[in-house]
Structure formats: C-alpha cells, structure tokens
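Q: Heads up: the protein sequence lines correspond to chains A and B, in order.
With the working numbering as the guide, the letters of the first sequence map in order to residues 1 to 159.
With the working numbering as the guide, the letters of the second sequence map in order to residues 1 to 183.
Quick caveat, the hints were computed from the structure, so don't treat them as lab data.
A quick note: this is a predicted structure, and the numbers were derived from the prediction, not measured.
Certain hints may be false.
[Said to hold, decoys possible] Keeping only pairs whose Cα atoms sit at most 27 Å apart, straight-line, the calculated BS3-like set for lysine-lysine is:
{"id": "1", "chain 1": "B", "residue 1": "K129", "chain 2": "B", "residue 2": "K33"}
{"id": "2", "chain 1": "B", "residue 1": "K167", "chain 2": "A", "residue 2": "K53"}
{"id": "3", "chain 1": "A", "residue 1": "K53", "chain 2": "B", "residue 2": "K33"}
{"id": "4", "chain 1": "B", "residue 1": "K167", "chain 2": "B", "residue 2": "K33"}
{"id": "5", "chain 1": "A", "residue 1": "K53", "chain 2": "B", "residue 2": "K60"}
{"id": "6", "chain 1": "B", "residue 1": "K33", "chain 2": "B", "residue 2": "K60"}
{"id": "7", "chain 1": "B", "residue 1": "K129", "chain 2": "A", "residue 2": "K53"}
{"id": "8", "chain 1": "B", "residue 1": "K167", "chain 2": "B", "residue 2": "K129"}
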Amino acid sequence: MTCTDALHLVEAIAAGDLEVDDNVRTHFETCPRCASTLASARRLEAALQARPKPQAPARFTQTVLGRIGHERWRSEERVDRVFNVAIVVAVLLVLGSIVAMTNVGAVLGGARSLWGLVAAVGGQALEAAAPVLLTYIAAAGLLMSALGMWWWADRRLSL
Amino acid sequence: MPAEHDEHDERALIERCRAGDDTAFGELVDRHKNLVYGLVYRMVSDRSRVDDLAQDVFLKVHRGLPYFRGEARLSTWIYRIVQNVCAAARSRRKPDLSLDQEGGTGRRYDHGAADGSFGDLELRDRLEKAIAQLPEPQRLLIAAHYLDGVQYEALAESMNIPLGTVKTHLYRAKRRLRELLDT
Numbered sequence: 001m002t003c004t005d006a007l008h009l010v011e012a013i014a015a016g017d018l019e020v021d022d023n024v025r026t027h028f029e030t031c032p033r034c035a036s037t038l039a040s041a042r043r044l045e046a047a048l049q050a051r052p053k054p055q056a057p058a059r060f061t062q063t064v065l066g067r068i069g070h071e072r073w074r075s076e077e078r079v080d081r082v083f084n085v086a087i088v089v090a091v092l093l094v095l096g097s098i099v100a101m102t103n104v105g106a107v108l109g110g111a112r113s114l115w116g117l118v119a120a121v122g123g124q125a126l127e128a129a130a131p132v133l134l135t136y137i138a139a140a141g142l143l144m145s146a147l148g149m150w151w152w153a154d155r156r157l158s159l
Numbered sequence: 001m002p003a004e005h006d007e008h009d010e011r012a013l014i015e016r017c018r019a020g021d022d023t024a025f026g027e028l029v030d031r032h033k034n035l036v037y038g039l040v041y042r043m044v045s046d047r048s049r050v051d052d053l054a055q056d057v058f059l060k061v062h063r064g065l066p067y068f069r070g071e072a073r074l075s076t077w078i079y080r081i082v083q084n085v086c087a088a089a090r091s092r093r094k095p096d097l098s099l100d101q102e103g104g105t106g107r108r109y110d111h112g113a114a115d116g117s118f119g120d121l122e123l124r125d126r127l128e129k130a131i132a133q134l135p136e137p138q139r140l141l142i143a144a145h146y147l148d149g150v151q152y153e154a155l156a157e158s159m160n161i162p163l164g165t166v167k168t169h170l171y172r173a174k175r176r177l178r179e180l181l182d183t
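Assemble the whole structure, with the sequences as input and the hints as a guide.
A: Here's what the structure looks like:
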C-alpha cells in the first residue's frame, strides 16, 4: 500500500466507516506521515462530534402554534373581506337593476349609443390588429403557461 | 419492529395533523424542533434570526402537510424544508459578516458549558471559522451529519444524491477542514 492509497482512506477510517485490514493497519503503524494525518483526522472527527448541539428554546412549540393560529386568523379575515366586498357588489347590482327597470327607455337609449361607439372603435381596432392578433394570442398563451409553471415549481420548491 | 412501529406512529400523527388537530401538530413540532433548530443554528451566521427561521420551517411544514405524500420519512422532508428556508434566507440577506465580525449577538458560545470533551475555545473557534469557509453544500452536510438523527441515508434521500456521493462529499469537506485548520 502506498501513502497516496492510505491518505485516501483517512477520513473514512476516522469516521469509523471502514474496517481496516492488516495491510492498511501495517502501513499506518509504519508510516509516521500517514499516522499523523490519521491522528489529525481523528481529532477533527472528535471536534465535529463535540460541536454544540443547540436546543430549541423552551416555548418554541407554543410560539409556532401561536403563529399558525395567527396565520389562520389572517386567512379567515381575508375570506371575510372578500365576502364583504362580494355582498357590497351584489347589493349595488341589485340597486342598479331596480333603477334600470324604472328607467327602461333611458337605459336602452344609452346602451344603444354606447354599443354604437364601441362597435365603431372596436371595429377599427380589430381591423388594425387582425393580421397579428393570432400571434398575440399565442404569445399570451405561452406567457401564461410559463408563468403558471414557474408559480407551480416555486410553490413546490419553497415547501 | 420498533422502526415499523415508529413509522406507523408517524403516519398516524401526520393524519391527525392533516385533520386540523393542533395538539398533534404540537407533538410533531416537539419531536423535530431540536433537529430543525440545530440545523438552522449551524447554517445561519446571524444568531438573532435562528428562532424566526426555525419557526418558519414549521409553518412551511404545516402548510405543506396536505401535499406530503409520505414516500420519504417526515424528518427527511423536514430536512429538505430547512435547506430551502436557509438558502432563501441567505439569498435575501446581504453577504455574511466577515469572520472577524461574526457573532454580533454575543450568543456564539451559549452552549459551551455542556461541551466537556472539546473544551478548547480557541480550537472550537477556529473550527467554526473553517466550517464557515466551506462551500454551502458541504457546510450543510457537516451541519446535518453531526446532529443527532441525520444519517448518511437520510442525507442522500433529502439531497437526492447517491449514498456514496454523500460520503465522498463529507470526506472531501473534512479534508478541506483539516487543511484550513493546519494553515
């Protein structure tokens, strides 16, 4: 066995991952350089084993559960807010519908002129955009799927 | 048999957590908190952030439990979350303080009293500085392997690399540490 071979085994021997046979043992017993390296590796192993193993603080679990409770409360609050906004929108829609039903003629007239305006402007815009519209749609689709995949991967990785 | 028993017990605990049982989740935190805390402590140089980051790990565990398929051991999955949380924390913050400035919170030797076999503070300090100079993956391996409960197999599984590669990386890291300590 050469010193190069022996030095390759030093870490494994020091970690206790390798059973040393007679050939290896003889080399380490007779070669001062390799013996010194092995001793140094064993000291390092002992030092690593003896590194402080910090313990979590006493109220760690309670703090985590508290944060989870707070997070849950915030999520419920968010749901409540969305629900409240939905209620307001619904009420406004109902009120708007009642007002519209009492003024059917005015609403129809307004809608007709708005539609005329939209059709005129929209028609012109569509005519101008028609040649490249498909490209835009395809690009938007690709962008959306890329963003979707990124969001999904990021969510999985961050867990 | 005890391993199977533990596995069964762990699955039952996960199911209770998924059902929204906070007591069960508290039990899960109790089982893994020292591993998580120790790992974060060793990976993050700013000691004032250790508590928050260790808690963040468990918040992510709580959020992720519905997606946990149970193919790996829970500790392996948690270990992977620790890796992600520490990596994200390091990428968010400015570069670490220089080694001479390290330990700004003054808690560096908090646990020294319990350490009887390795009492030489100077040697320990040099070791910590040498570890801080290792590349991040090797540092993580050293941090995890020398905490109770994280074996080669779990490291290989969580890092998605073969067992032999884990050992090779660890040996290489230790060789580098010896070089750093000898200079």
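Q: The structure should be examined with respect to each hint, and the outcome stated for every one.
A: Against the structure, the hints come out as follows:
Straight-line distance between C-alpha atoms of K129/B and K33/B comes to about 26 Å, which keeps the hinted pair within the 27 Å bound. Using a Cα cut-off of 27 Å, the hinted pair K167/B and K53/A holds, with the two alpha carbons roughly 22 Å apart. Our distance criterion of 27 Å between C-alpha atoms is met by K53/A and K33/B, whose separation comes to about 12 Å. For the given pair, K167/B sits about 26 Å from K33/B by alpha-carbon distance, which is consistent with the 27 Å threshold.
For the hint pairing K53/A with K60/B, the CA-to-CA distance comes to about 23 Å; that is within 27 Å, so the pair holds. With a CA separation close to 14 Å, the supplied pair K33/B and K60/B stays within the 27 Å bound. In summary, the hint linking K129/B to K53/A is supported, as the alpha carbons are separated by about 17 Å, within the 27 Å threshold. Under the criterion of a C-alpha separation no larger than 27 Å, the hint pairing K167/B with K129/B is consistent with the structure, at around 22 Å.
The structure meets every hint from the earlier list without exception.
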